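Q: One letter stands for each residue in the lines below.
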Amino acid sequence: ISMYHKEKSIQIKNSASALYNNLGVLRIAPRRLTYFAVVHANVVNMISASWDGLNYSHRQLQSKEPNVATSTSLIMQAAFCVLPSRDLLVVTSQKGIQMYESDGSIMVYWHALDTPETPTAQAVFARGISAVPDNYICVGVSSGAILVFDVPSKGSNITLYEVLEEHKESITDVASECSGSQECIANLVSADDGGNLCVWKSGEEFQLLNKIPGFDMTCSSVKLWKGTAVAGYGTGQIRLYEAVTGILHAEINAHARWIYSLDIAPFSGLLLSAAEDSFVRVWHLAMTPETNSMEVAHLHNECVTDTQICGAKFCDGDGYAFVVTGYDLSEIIRFVQS
Amino acid sequence: MSVRALPLVFINMGGEMLYVLDQRLRALNTSEEQSERVISDIIGTLFSKSFMDELLKPQPLYSHRTMKSVLTRLAHTSIMRLNLASMDRLYELMLMAFKHQVLLCPRPRDLLLVSYNHMDSMRYMVRDTPVLLNQVDETHRKLAEVYSDLSEGDFQLLRQTLLMFFQDSHIRVSLLLKAQIQKSSGRFLLTASGPVPVGTRVPGLIRMFDPKGREVSRSEYPSGGSYSGAVREGSLELNGDRVLKLGLNMYTMEHPEDTHTSNTPGHQSDNSPNPLAKEELNLLAHLMGSMMLEHVPKGDPGFCISFFSPEPEEEEGAPGGTQEFRVINIQAVQVGRGSIKQTTEAA
Numbered sequence: 001i002s003m004y005h006k007e008k009s010i011q012i013k014n015s016a017s018a019l020y021n022n023l024g025v026l027r028i029a030p031r032r033l034t035y036f037a038v039v040h041a042n043v044v045n046m047i048s049a050s051w052d053g054l055n056y057s058h059r060q061l062q063s064k065e066p067n068v069a070t071s072t073s074l075i076m077q078a079a080f081c082v083l084p085s086r087d088l089l090v091v092t093s094q095k096g097i098q099m100y101e102s103d104g105s106i107m108v109y110w111h112a113l114d115t116p117e118t119p120t121a122q123a124v125f126a127r128g129i130s131a132v133p134d135n136y137i138c139v140g141v142s143s144g145a146i147l148v149f150d151v152p153s154k155g156s157n158i159t160l161y162e163v164l165e166e167h168k169e170s171i172t173d174v175a176s177e178c179s180g181s182q183e184c185i186a187n188l189v190s191a192d193d194g195g196n197l198c199v200w201k202s203g204e205e206f207q208l209l210n211k212i213p214g215f216d217m218t219c220s221s222v223k224l225w226k227g228t229a230v231a232g233y234g235t236g237q238i239r240l241y242e243a244v245t246g247i248l249h250a251e252i253n254a255h256a257r258w259i260y261s262l263d264i265a266p267f268s269g270l271l272l273s274a275a276e277d278s279f280v281r282v283w284h285l286a287m288t289p290e291t292n293s294m295e296v297a298h299l300h301n302e303c304v305t306d307t308q309i310c311g312a313k314f315c316d317g318d319g320y321a322f323v324v325t326g327y328d329l330s331e332i333i334r335f336v337q338s
Numbered sequence: 001m002s003v004r005a006l007p008l009v010f011i012n013m014g015g016e017m018l019y020v021l022d023q024r025l026r027a028l029n030t031s032e033e034q035s036e037r038v039i040s041d042i043i044g045t046l047f048s049k050s051f052m053d054e055l056l057k058p059q060p061l062y063s064h065r066t067m068k069s070v071l072t073r074l075a076h077t078s079i080m081r082l083n084l085a086s087m088d089r090l091y092e093l094m095l096m097a098f099k100h101q102v103l104l105c106p107r108p109r110d111l112l113l114v115s116y117n118h119m120d121s122m123r124y125m126v127r128d129t130p131v132l133l134n135q136v137d138e139t140h141r142k143l144a145e146v147y148s149d150l151s152e153g154d155f156q157l158l159r160q161t162l163l164m165f166f167q168d169s170h171i172r173v174s175l176l177l178k179a180q181i182q183k184s185s186g187r188f189l190l191t192a193s194g195p196v197p198v199g200t201r202v203p204g205l206i207r208m209f210d211p212k213g214r215e216v217s218r219s220e221y222p223s224g225g226s227y228s229g230a231v232r233e234g235s236l237e238l239n240g241d242r243v244l245k246l247g248l249n250m251y252t253m254e255h256p257e258d259t260h261t262s263n264t265p266g267h268q269s270d271n272s273p274n275p276l277a278k279e280e281l282n283l284l285a286h287l288m289g290s291m292m293l294e295h296v297p298k299g300d301p302g303f304c305i306s307f308f309s310p311e312p313e314e315e316e317g318a319p320g321g322t323q324e325f326r327v328i329n330i331q332a333v334q335v336g337r338g339s340i341k342q343t344t345e346a347a
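From first to last, the protein sequence lines stand for chains A and B. Quick note on full-length UniProt numbering: the first sequence kicks off at 1 and runs consecutively. Quick note on full-length UniProt numbering: the second sequence kicks off at 1 and runs consecutively.
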């Protein structure tokens with residue numbers, strides 16, 4: 001018996017671009033709604049879907065920067081950030097970082113990147129987005145820097161709070177501890193194009209706790225759960241490290257092509273991995289108290305035929321349902337536990 | 001996005017252009033002398049120092065409209081002339097072939113091998129012209145210089161940039177459909193089998209380690225695919241064995257209809273009505289300016305070719321003339337200064 005089955009797809013106005021972690025999901029429980037965000041070139045396609053599957057509303061956000069009269073820039077990522085008092089949609093592009101109310105209605109903040117007049121050999125962009133306790137949003141930059149923004153509980157008085165400069169290569173992804181556990185010292189992990197991971201503790205001053213060296217292969221997606229950094233690479237491998245010590249617990253030969261997205265359902269410990277090889281896989285992570293190590297087991301495969309998958313996310317904390325999209329695909333495919 | 005994608009677009013789409021031209025010129029029984037001249041004029045322009053230097057400056061990719069303009073200009077640096085419809089078809093063939101190669105290339109880094117496959121083929125086309133051989137070799141050297149420093153992540157960004165350029169193009173190409181690498185929807189087949197890319201392990205294994213880094217257990221799981229280990233890595237040397245087949249000439253003389261294309265219903269190939277942005281116009285000016293039209297001396301006889309019959313299904317068995325004759329568009333074409341020549345020799 002299959003663990004998940006395919007449900008009716010959600011149509012998108014434009015096809016998804018081939019970008020890491022190109023699917024944002026935000027569950028609005030009180031209103032029984034889920035928001036989705038998918039990047040298409042210079043547009044973010046937003047869909048608001050009611051849980052009964054009867055109502056879908058669409059919105060498109062253009063990456064038109066204020067005060068930039070010339071051409072629009074390409075978007076690298078769109079992600080929802082859940083802070084204790086508010087939710088925001090963060091959009092990163094070649095020109096800068098935009099923060100919107102989570103429904104995409106109002107842009108509340110804009111941060112411009114330093115872009116040279118004439119293109120240099122190094123591309124400029126922002127990529128890698130995460131909310132971090134208590135009231136921060138971290139965004140990675142192609143220079144390797146991580147920008148920390150201080151976000152007030154309401155209003156648009158968002159400020160650039162700190163710049164973390166430990167990475168030497170372009171940031172690919174940042175993630176905060178998702179288990180909600182207060183016991184974990186580390187609560188932020190960042191990854192770069194060389195596969196290097198930095199482990200941080202947020203606070204009045206962000207503290208670098210550990211650096212886990214890469215092996216010259218991009219870490220395209222990273223998650224942090226119960227003190228374990230889960231990293232997906234261009235080799236198709238997933239590695240599980242104890243974040244603060246850098247001890248390698250497990251290595252999975254997970255995919256035949258470049259991994260594009262990882263996600264964790266924090267309540268159940270389910271791990272979702274998706275890659276250009278058209279496969280989405282579900283794994284189960286569990287902490288073994290005796291050895292204090294993370295065990296991993298394979299649970300489920302889904303193949304989205306002839307699709308290089310670029311985004312995959314659980315829709316809820318238990319991993320009861322997940323959604324997937326891929327390059328050139330104008331739909332979000334839903335899978336629900338049987 | 002990547003500022004290094006432009007040279008690869010021109011080398012690979014230029015390479016595909018030459019594959020198609022080579023096949024069509026032969027199928028149309030164009031004289032050997034003229035065919036050779038067309039091919040070598042285009043290769044000479046594509047690999048000219050000024051054009052390559054312009055391409056190799058860091059810059060973003062531009063719209064299909066701009067790319068088509070420059071590639072049309074490239075085709076017209078020879079004595080051959082293509083009408084608009086033919087150029088549209090030629091562009092579609094180039095675009096879809098390169099999309100397939102970018103989508104399927106095992107590692108982003110293998111885009112270099114794809115490019116070298118095109119360059120090797122072009123080098124072979126001009127094997128008897130030392131000047132042109134030198135130009136191709138010099139470009140090989142420059143590419144090695146520019147691209148050897150790029151990390152795996154840089155190549156993936158470059159690939160993602162190219163994929164954005166090809167996004168929503170679902171034109172069906174006879175050759176690709178027949179080879180069963182394209183589906184009738186215009187999408188390409190991705191198989192869950194065959195060798196994994198160099199540096200990738202066959203999926204299906206989980207390994208656990210103790211704190212000292214010793215492997216304590218391993219377990220297997222069903223991957224859902226039938227993969228095998230990686231094959232050896234292709235060589236990036238001037239005359240190396242590329243191993244990878246993507247980017248080699250797929251057109252054969254036996255199937256002239258391979259160059260047929262058709263749009264999939266509900267899909268537009270290019271719907272960018274936007275006027276060209278300022279930077280695009282600058283690119284156009286630079287690229288066009290760097291292409292010297294030295295190959296067409298004044299009063300040189302030119303010839304016009306319509307590569308694609310408007311109704312290809314009627315080609316076979318049509319009375320009154322050979323197939324070759326029917327698809328040639330014999331037109332008086334003005335080339336150079338006021339000299340009207342007609343030089344097509346059909347059948």
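Do not rely on the hints blindly, as some may be mistaken.
With a straight-line cut-off of 27 Å between C-alpha atoms, the simulated DSSO-like cross-links for lysine-lysine are [to be verified]:
#1 A/K211 with B/K212
#2 B/K183 with A/K13
#3 B/K49 with B/K142
#4 A/K201 with B/K212
#5 A/K6 with B/K245
#6 B/K142 with B/K68
#7 A/K168 with B/K57
#8 B/K142 with B/K183
#9 B/K142 with B/K245
#10 B/K68 with B/K57
Hints listed in this document are in silico derivations from the structure and should not be mistaken for laboratory results. Because the structure is a prediction, the values reported are computed rather than measured.
Q: Taking the hints in turn, state whether each one holds.
A: Comparing the hints with the structure gives:
Between A/K211 and B/K212, the direct Cα distance comes to roughly 18 Å. Compliance with the 27 Å bound is thereby established for this hinted pair. The suggested pairing of B/K183 with A/K13 holds, with an alpha-carbon distance near 23 Å, which does not exceed 27 Å. With a C-alpha separation of about 10 Å, the suggested pair B/K49 and B/K142 falls inside the 27 Å cut-off, and the hint holds. The hinted pair formed by A/K201 and B/K212 meets the criterion: a straight-line CA distance of about 25 Å does not exceed 27 Å.
A C-alpha spacing of about 36 Å is found between A/K6 and B/K245, which places the hinted pair above 27 Å, so the restraint is violated. Restraint check for B/K142 and B/K68: the C-alpha separation of about 24 Å stays at or below 27 Å, so the hint holds. The suggested pairing of A/K168 with B/K57 holds, with an alpha-carbon distance near 24 Å, which does not exceed 27 Å. For a cut-off of 27 Å, the pair hint linking B/K142 to B/K183 is broken: about 37 Å separates their Cα positions.
Restraint check: the Cα-Cα separation between B/K142 and B/K245 comes to about 23 Å, which is no more than 27 Å; the hinted pair holds. Under the criterion of a C-alpha separation no larger than 27 Å, the hint pairing B/K68 with B/K57 is consistent with the structure, at around 19 Å.
The structure shown violates the earlier hints numbered 5 and 8.
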